[in-house]
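Throw the hints in and build the complete structure from the sequences for me.
Number of protein chains: 2
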Amino acid sequence: MGTTTEKLSAATGRDARLLARRGHAGHTAGLAPGFVQGNLVVLPEREASAFLRFCQRNPKPCPLLAVSEPGDPRLPALGEDLDLRTDLPRYRVWREGVLVEEPTDIRAHWRPDLVAFVLGCSFSFEEALLEAGVPLRHLELGCNVPMYRTTIACAPAGPFRGPMVVSMRPLRAADAIRAIQITARFPAVHGAPVHLGDPRLVGIADLARPDYGDPVPVHEDELPVFWACGVTPQAVLVEARLPFAITHAPGSMLVTDLRNARLALS
Amino acid sequence: MGTTTEKLSAATGRDARLLARRGHAGHTAGLAPGFVQGNLVVLPEREASAFLRFCQRNPKPCPLLAVSEPGDPRLPALGEDLDLRTDLPRYRVWREGVLVEEPTDIRAHWRPDLVAFVLGCSFSFEEALLEAGVPLRHLELGCNVPMYRTTIACAPAGPFRGPMVVSMRPLRAADAIRAIQITARFPAVHGAPVHLGDPRLVGIADLARPDYGDPVPVHEDELPVFWACGVTPQAVLVEARLPFAITHAPGSMLVTDLRNARLALS
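Protein chains in written order, with this note's numbering: chain E, -18 to 247; chain G, -18 to 247.
Everything labelled a hint here was simulated from the structure, so no lab data went into it.
Just so you know, these numbers come straight off a predicted model, no measurement behind them.
Keep in mind that a hint or two might mislead.
Among the chain E residues that face chain G by a calculated CB cut under 7 Å, a handful are [as the list claims (entries may be wrong)]: (1) Ile158; (2) Ile161; (3) Ala165; (4) Gly178; (5) Pro180; (6) Leu182; (7) Val199; (8) His200.
Ideal placement from N, C-alpha and C gives every residue a C-beta, glycine not left out.
Structure (structure tokens):
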């Protein structure tokens, strides 16, 4: 989108939010290691309850970390001083399903009927995979994880319906087994994979042509492993063509005070 | 081996042991549902410590449930009145790596230097898989699970060395993912799979020709999933050509008072 991307650094979730609050507009990947980052969806109360039902029915693509009170831009459960209107580096404003603006601050758009949803993202489980020595090709290659629309239908709710979007990580069998065990302990950030092996069984015709992100090679001795992806609710949201919605801009997440390790089941 | 196989039934582990103690020589599969069944290995104390090290180094194929005191045929941890000399339906006696006898009672062979090892078996995790609705083809077909020698080397200890033997269950991807999560909770009975997908990567040339057990079909939309198998220590034992050893006869396991559900990690 031609926006400036600065190189930032932050030790804690609060540090990262303060950087954003002061107007820094960079990506959050790599900021505040160990702290949970989340996808943001902001909707008028009129559509919020249907979206909440959609998340409840589709917990793998839409793992809800927190929901705000209507009109309240704070979410103390995720950070004491957190202000959803200023604490993300960049936002997207949608009208009738069309992207109309990418501001670094949404105070001017805030309304008393807005409800915010924060959804877990795969950064948290990727950190656990790396700590366990499971290699992640897209990080090695310095590109985005490849993502695909599948033929797996989400359970609909109100105006929200559509296919599940998945992210793919190629892994050798022993790493795939280990990765399933590890990510199963993180239901709040997509949980265990939804598929592995033959991509055609979930309607993916060509791994080399992802619908979002960048392609990565799958070696002869590897299996493609597919996780439900946070792009699912964003795609569903666009399809629903709501009169008004706000989301985070891609890569500009909400950095919280929660620790990734706290999301793991014991 | 031409031995009689009677149709038995038993509600508890103790019932199953009493049947065996009275001379019934049938298989134990299906007896005492919910109770842990184990593989038996009995060795002179001279080789026992190396075998214990072998089990410690290879916990997936050799998950140790209990080890007896030298000379003591009881194992109160697995059953209060348990007598290892009489409570299995049938035994195998080995001399210099050669099967010499298949008695229903080993009182005549018992010695003050013998140490008994009881190893977990896949019956326990298969029960958990069935309860979770994961279909098991070999049970549907009423045959033995197919087992294969692999190119995965066990960590050696003393005279004990050799390849890991694995059992194979064909599963659709979603069931394979669920099965990994479920069996990972049962480290005392082989735990999570050691491989899935391409069998050639672990040295299996042809799934239709198992080294032990019976072949089962793998459908187009399924992955072969491989678990470490309790046949591993038996194959290693035969290869070690020990002067003297006793094992259970195939299918004639020790039925214990432990509940399968108690083996699961919370």
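The hints, checked one at a time:
The beta carbon of isoleucine 158 of chain E is positioned within 7 Å of a beta carbon in chain G (closest approach about 5 Å), and the interface hint is therefore held. Annotation: isoleucine 161 of chain E was flagged as interfacial toward chain G, and the flag holds, the nearest CB pair being 5 Å apart, inside 7 Å. Interface hint status for alanine 165 of chain E: upheld, as the beta-carbon distance to the closest one in chain G is roughly 5 Å, under 7 Å. The beta carbon of glycine 178 of chain E is positioned within 7 Å of a beta carbon in chain G (closest approach about 5 Å), and the interface hint is therefore held.
Annotation: proline 180 of chain E was flagged as interfacial toward chain G, and the flag is violated, the nearest CB pair being 10 Å apart, outside 7 Å. A hinted interface residue such as leucine 182 of chain E counts as satisfied when its beta carbon comes closer than 7 Å to some beta carbon of chain G; here the least separation is about 6 Å, so the hint holds. Interface restraint check: valine 199 of chain E against chain G, minimum CB-CB distance 12 Å, threshold 7 Å, status violated. Hint status for histidine 200 of chain E: violated, given a least beta-carbon distance of 11 Å to chain G, over 7 Å.
Consistency with the previously given hints fails for numbers 5, 7 and 8, ordered from lowest to highest.
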